Amino acid sequence: MTTKAQTETASAVPSDSGEPRYQVFELPEHTVEIVSDSGEGAQKCGQILGAVTAKMGNGVWTVEIIPAEIEPPPRSPAGGSGNRVRIGSEPVTNWGDETQLMVAFNEQVLLGRHRLNALADDATILLENIWADHPDETIKSAWEEAQREFEQTNYRIIEVPMQEQCLTVVEDPRRGKNMFVLGMLAWIYDRDLDLCRDQIAHAFRKKSEEIYNRNVELLELGYGWAEENLDFRISIPAQPTTEPMVVMNGNEAVALGAIAAGMELAAMYPITPATSASHELGDVFEKFGGVVHQAEDEIAAAGVAIGASYAGKVAYTITSGPGLALKTEFLGLAVMIEMPLVVVDVQRGGPATGLPTKVEQSDLLAAIFGQPGDAPHVVVAPATIEECFHVMVTARRIAETFRTVVIVLSDANLATGVQPYRRPELDPAWVAAPPDLSPVPEGLKPYDWDAKTGLSRRLVPGQPDGMHTVTGLAHDESSRVAYSSAVHQRSSTMRSRKIAVLQSTLKPPKVYGDDSGELLVVGWGSTKGAIEEAVDRLRDEGMSVSSLHLSFLSPLEPGLTEIFSRFGKVMTVEINYSDDVDAPYINEENRRRGQLAWLLRAQTLFDIDCWTRVLGEPLRPRAIADAIRQRIETVEGDGA
Amino acid sequence: MTIPVNSLLQCALDDERVFERADYEGPVARWCAGCGDHSVLAAAQRLLADEQFLPETTVFVSGIGCSSRFPHYLKTYGFHGLHGRALPVATGIKLHRPDLDVFVVMGDGDCTSIGAGHWVHATRYNMDMVALMLDNNIYGLTKNQTSPTTPQGYPSNTQPRGSWLPALNPIEATLGITNASFVAQTAEWIPPHLFATIKAAYHHEGFAFVRILQRCPKYTAPLFEEGLKNPDSIELLVHEDGIVVEGLDSVYKNQVRHDPSDIHAARRLAEFDGHTRLGVFFRDESRPRYEETRYLPAITAEEKVSRLSEELDLHAV
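First to last, the protein sequences are chains P and D.
According to the numbering used here, the residues represented by the first sequence are 1 to 640, in order.
According to the numbering used here, the residues represented by the second sequence are 1 to 317, in order.
In isolation and in its complexed conformation, chain P is listed as follows (with noise of 0.2 Å):
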């Protein structure tokens, strides 16, 4: 490369020529990251220009940026905190390639990005000016120092003096600097500044009156600010939908998807990435006579949640990897005694504490399989946040028809990712029935497995002449424990047996793309949009490549070998480990292979590839079209 990163002093333009002051680019999308120092606002910035920019009609996807610690020491380039907008024309389905345009305020949290190669090689960055001439001579040559490693890069940076202009309006720059910066971000995509208004409103409700003006200040200051010194504007046309949309993050939908289906208790011990869900429904689950019910642990949070749906109504838990391998033992007994249970996963990196704030697809095999002895039991993952939301409703359905357990397996990026969607019909046959406690009919009893589904009518307390004791021991259909080893043949069968009716009720996955062809791509979760963003890129340049996305995982959606055999080759795309398979010692036989290739491979004796990775973050639509490509490549330069 030989073009080097430029820096420039933002200044007013002269405009006297008559020309345009700066140039407008129409795009069909573009990404934008805001990144601070924790505490310095970044995310509440990032926040408010998503919801704007989806209630002009754009399509948006918005990513956390989140350093591990709540303050971690300040201009560290770990410690970068913020939000990632990506704007289109079109609906967003993921977040996209590299950042495009970055605002940083200050140059260590810019280096963090920098070094995850989370920015575009000619991205456009407006870094905060303070610190080159700061007096401290540690930061100085820290700024020097970086501005060394940015040398190597084709970045333009404007260098932006945020907190000169904060403090003509706040005395503490660190508590302005975000709404400035907003207002910047207004002018350059033309954003509505009524609706930033609004939004600011309603992100500082619990504030006062001052605190909204203050802000609604800085950010005119910044509109005005950007409108006089920057060059360049990003048009992104909106197509305005007619119809009616809602905006939230998927933990905000998986909290707002229980309460449409009717669950009232929601059991929970406090898990990063999982808990901001229940802080969502802490807020309003009362309003609809529920109870978050904080456990003394992850154990007691399932085994509350057991309680409450023995007692009458499904109840959910919500967690994250490690709160799932302590659920464990309570998910086999909820097996055992077929008690219908939601189990939303929001997973993150792992094993152990892994990543505790970032995204990975690793507890797919834990979730179907991690139970000791034979645990038959239903596994979903929601691949959009508009289904974080209707998962819960079927998930609870799915619990209570068939006496069983439904792990929802969300991940870190559908959780705090943000994007607008259809504003559901809410429908009140959705809400779970109040328990029913009329008596029992004689003779029948707790499991009174029906031979050919293995389905049987659950009976609650209350009900007379249905007392009986639910046992995790092997049992008979009264629930008597079984000494006989036949009883334990036959239950395990009905147990499994409801897994297959359940099966026999789902229609085959429909394929994105053509129906045959050279390759395709499965897939599972959150990576749905990004993996058919490669798709249609790569059926752009003229491959034969078509995607599947899988909801349900355990059991499996029927009709899959018939669909592989329609294709040359099969891969998944999965944000998990696996062995590349020219690394050293890999081989065939002893390749570790992503989770789905894995259960895929197992199923129907496909020889299923995969393409994954544990970066911490969403697959780049970019990436996974490389390495679809190259697996292309590799297919047809074997048949030369």
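Derived DEER-like restraints, expressed as beta-carbon distance ranges:
no.: 1; chain 1: P; residue 1: Asp514; chain 2: D; residue 2: Arg294; range: 47 to 57 Å
no.: 2; chain 1: P; residue 1: Leu605; chain 2: D; residue 2: Arg161; range: 54 to 64 Å
no.: 3; chain 1: D; residue 1: Asp15; chain 2: P; residue 2: Asp436; range: 15 to 25 Å
no.: 4; chain 1: P; residue 1: Asp133; chain 2: D; residue 2: Arg294; range: 50 to 60 Å
no.: 5; chain 1: D; residue 1: His203; chain 2: P; residue 2: Val487; range: 36 to 46 Å
no.: 6; chain 1: P; residue 1: Asp436; chain 2: D; residue 2: Leu296; range: 14 to 24 Å
no.: 7; chain 1: P; residue 1: Thr505; chain 2: D; residue 2: Lys143; range: 42 to 52 Å
Partial list, derived from the structure: chain P residues whose beta carbon lies under 7 Å from chain D:
no.: 8; residue: Met248
no.: 9; residue: Gly289
no.: 10; residue: Gly307
no.: 11; residue: Ala311
no.: 12; residue: Gly462
no.: 13; residue: Gln463
no.: 14; residue: Pro464
What the hints contain is simulated information worked out from the structure, not anything from laboratory work.
The model shown is predicted, which means the values in this text are computed figures rather than measured ones.
Even glycine gets a Cβ: it sits at the ideal position worked out from N, Cα and C.
Once you have looked at the hints, place chain D on chain P.
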């Protein structure tokens, strides 16, 4: 605050059925001959009949261990769950259905070892339920392993040269937990005392923790010999606000008048000092109960949908 009588409870009040003790008896218990669990089961069945519990609104929740087979031998609803985890299940039941009468049956391993965290927190939640801890000072079902309440020096299969550490004192520990509201100790070989204690526990509004000293004829018989043969080794705590059992005076001459509202006296009496004390150590019905503080009236499906619609308005684009 009192929880409004719901329709279910109303129907119970109108109930004209009369239940005999046999109506609560399940299949014949499979515990060893001479096991103290039999006495506790008999006392529970007597209480159920005495108080005319509705079998369908009574739930016995247990963990895993010899004593946790308890619910199987009753004709009420029962939940025989996981080792150490009876209390969270009971918490969920009571939180969701405060109208149900909930009894928890645990062993010493269940309560004071693998489930010790739940014991602390269930005590603090102070939900209206009876927790019976059947303490035979040993792991019985898994065949003779040291439990936290095994006396120091007493041998087992896992600590054959005797338990290494002093035994944990469950009464002292429970009394140390904030918001504890009822703490009592009884012995299954004194049936009138056992019955009176369980009855008082049931009538207590809040979490009633009862440690029941319970013989294991197989593994810990020597530990209970003294108490069994020598009534003078036992001291009864008596008070009109605790329990007073008629007819024990001639045998159990050591009696201490203890006002169960006095937490400091209770803690002193709970210390190990060579006396086995039976009775109510502490009782305070004024403590907040979790299920009451969290109680919410039922809301119809239509009302939920309409309120959720308002909630979605806040997220509308």
